[in-house]
Amino acid sequence: MAFLARRVAFYIVAAWVALTVNFFLPRAMPGNAIQAIMSKFPGLQPSTYKALQAMLGVGHPGSLWHQYVSYLGDVARFNFGTDVSQYPAKVSTLIGQTVPWTLTLVGTATIIAFVLGTALGIMAGWRHGGSFDRALPGLMFLQAIPYFFLALILLDLLALQVHVFPIGSGYGQGDVPGWNSAFIGSAIYHALLPAFTIVITSVAGWMLQMRNVMITTIGEDYVLAGQAKGLKDRRVILTYAARNALLPQLQGFGLALGFVVSGAIVMEIVFSYPGIGLLLVNAVTSNDYPLMQAIFLVITFAVLLANLIVDIVIVFVDPRARTREAT
Amino acid sequence: MAVVLPVTTVDAGALVEGRQRLGRWSRLPTKAKAGAILLGIFVLAAIIGPFVTPYDPSYQNPSLSLSLHGPYAAHLLGTTSSGQDVLSQLLVGIRLTMELAILVGAIATVLSVVVGVAAATFGGLWDEFLSLVSNVFLVIPALPLLVVLLGMLPQKGQAPTIIVLSILGWPWGAKVIRAQTLAIRNRDFVAAARETGESTWRILAFEIIPNQVSLIAANFVNTVLYAIATSVALAFIGLADLSSWSLGTMLYWAQSQQALTLGAWWWFAPPGLAVALIGTGLVLLNTGIDELVNPRLRDAANASRIAGRRLQPTDPTPVLADLSLQRTRVSAFLHSFSRSSLADGGGGNGAISRRSTTSRSSNGGQP
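Chains as they are written, first to last, in my numbering: chain X, 2 to 328; chain A, 102 to 468.
What the hints contain is simulated information worked out from the structure, not anything from laboratory work.
DEER-style ranges, computed between Cβ atoms: (1) A:Gly258 with X:Ala136: 38 to 48 Å; (2) X:Asp222 with A:Phe290: 22 to 32 Å; (3) X:Leu232 with A:Pro311: 41 to 51 Å; (4) X:Val314 with A:Phe152: 49 to 59 Å.
What you are looking at is a predicted structure, and each value in this text was computed from that prediction instead of being measured. Every residue, glycine too, gets a C-beta built ideally from N, C-alpha and C.
Produce the entire structure from the sequences given, and follow the hints as far as they go.
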C-alpha cells in the first residue's frame, strides 16, 4: 500500500503541474480567445471586447491567486466554461459527448495491441535468430509509419477502392444513437478499421520491446536452471522468462500510453471519428482556446489514471512491491 | 514514440567496444548500415533537393488540365488540385522537415546530457528534483500539451515548433544518461582519473561523456524520430506555418483538399512514405547502435542451438551496474515516489541495469 500511496501522490503532483501549466499558458501568451474572435470579425467595436468577456466568462477578474483558486475549483467541478466556437454549448458537454467514443475505441485497440505484441514478442525473443527476426525490418517500417498515414492508406484501399469498410464517422448516417443492437452493431462496424489501424501500428513496438527484454532475460541463470531441471519449454518460457520480462514491458506500457493516445487522436481526424481527437482539431482550427485547454486536461488525467492502474497491476505482479510494503 | 523504460544502462565495457566499432563501417551491423544508407539518401535529398526542384512548389498552374493530374513525364509525381507540382513540394518539404528534426534532436540531446550528467554529478536534492521533473513530463502526454502550447502562440512557424519540441523532448534522454553516468562514475578508470587529481569538469568531459557516446547517439536518433513524428502530426492538424512546404503541411493540404476522396494517391502517398522511410531508417540505425552496445542482441546467426536454447558465443558476463546511491533523508523520501524506487529495494538492480537503448524507439516516438 505504501508504494501505491506514494505513486498516487506522484500522480497528484503531475496532475497539479498539468493544471498549473494550463492555467498560466493563456496568461503568458499574447492573444486569447476574445482577440481571436475580434480578429475574425474586424467589424466589431472595441467595446464589444468587455461584453464578450462577460458573456464567455473568460475575463480575468481579481488577483492572480484568486483566479488560480477559482480555476482549480472550476476544474474540480468539471466546469470548463462556455465554448467559444459553438457558443451556447458548455465545454464539458462537448467533451462528455466525445470521450466514450475515444475511450472505447482507443482503449480496446491499445489493450489488444499490447497483449498481442507481448505474446508475439515472447515468441520472437525465445526464437532469437529465427524467422521472426527476418521480419524485423518490416516491423520497423510499420512502427515508423505515422498512424494517420497508415489510416489514410487503409481508408483508401479498404473503403474507397474496395467497399469493405465505411469511409468514416462513428456510426451510419441513418442510425440514431441509443442502446439498441442496430446502433451498437453499426458503431462496432465503423470502429473496426480505426481499431485495426491502431493495433497494426502499435503492435510492432510492443513486440520489439518484449523481444529485446526476453532475449536479455533468457540469458539469466535461473532460466538455464529451469531448463536443466528438465522443465517443459512452455513452462520455462512462460513462468520463468516471460513473467520476469513482463515487468519492464508493463512499466513501458504506462509511459508509452501518452504516445499511443496522441497517435490515436490524430488518427481520428482521418476517419472523422466523433472522438476527442476530432474535437481537438476543430478547436485548433477555430482558435477555441477554452476547449483546447479542457481537452488537454481530460487527456492528461486519463493518461495519469491509466498509469495508476498500471502501477496497481505491477504491485500484483511484482513480489518486490509487496515485500517492500511489509518492511 | 515510445515505450519508455525507467533506467537504461549498458555494460560500460561493451560501450567502449561499441565506440570503437562505431568507427568501422565494415564491422557495423547490417541494420545500422541499411539505416545509415536510407537516411543518407534523405539527407542528400534535403541538401540538394531545393536546388533541383523542377517547379516552384507554390506555383499554381492555371491550366485546368493540370489540376490533379496523375504522374507523367512533365510532373513525375503528378499535381495537386491547384496545379502545383508534388515532386517540387516533396523535395522542399524533406529539407524543412529534416532541418527541424535534426535541430530539435541536437538541442534536446544537449539538454538531456546537461541535465542527466548534472543530476548524477551533483546528486542529492538536485538529482531528486531533476528526476521528479523528468518523470512528471514523461507521464504528461506530449501531443495535447504541444497543441495547447502551439495553438496559443500567435505565430506558428518553424522556430516556435523547434523550441517547443526541444523543451518537451529531453526528459527521457536525461533519465537514461543520468543512469549511465551513475554507472560509469563508479568504475575504476574514473577513480584513477580522480586519484591523479583531475578536476571534476575534466573527468566529465574526457572520461564520462566520451564513454557514453553511443548512448547519446541513440538518444539523438530517438529524439529526431520523435521530432519528425510529432512535427508531422502537428502540421497535419494545422498547427504549422501552412504557407511553407514540409512533409506535414503537404499531408495537411492533401487531407483538407480531399485528395483521398478524389483518388489522388500521388498527392498524399509521397510525403507519408517519405516520413515512414525516414522513420524506418532511424529505427534501423538505432537498433544497429543497440546491437553494437548490447552483444546479446547481435550475432544471432552465430548462436548454436543446445536443447532448443540459443547459446551465443558472445554472451557477456553480466556486469551489474552499481546504482546504489547515498541518499539524504529528504531525497530518499522524494525518490520513494518514483516507480524505479521499486527496483532498489530487493536488490533487483541487475534486471533493470542492462536494458537496451532502443526501448524508447519501440513505439518510434509516435505522437
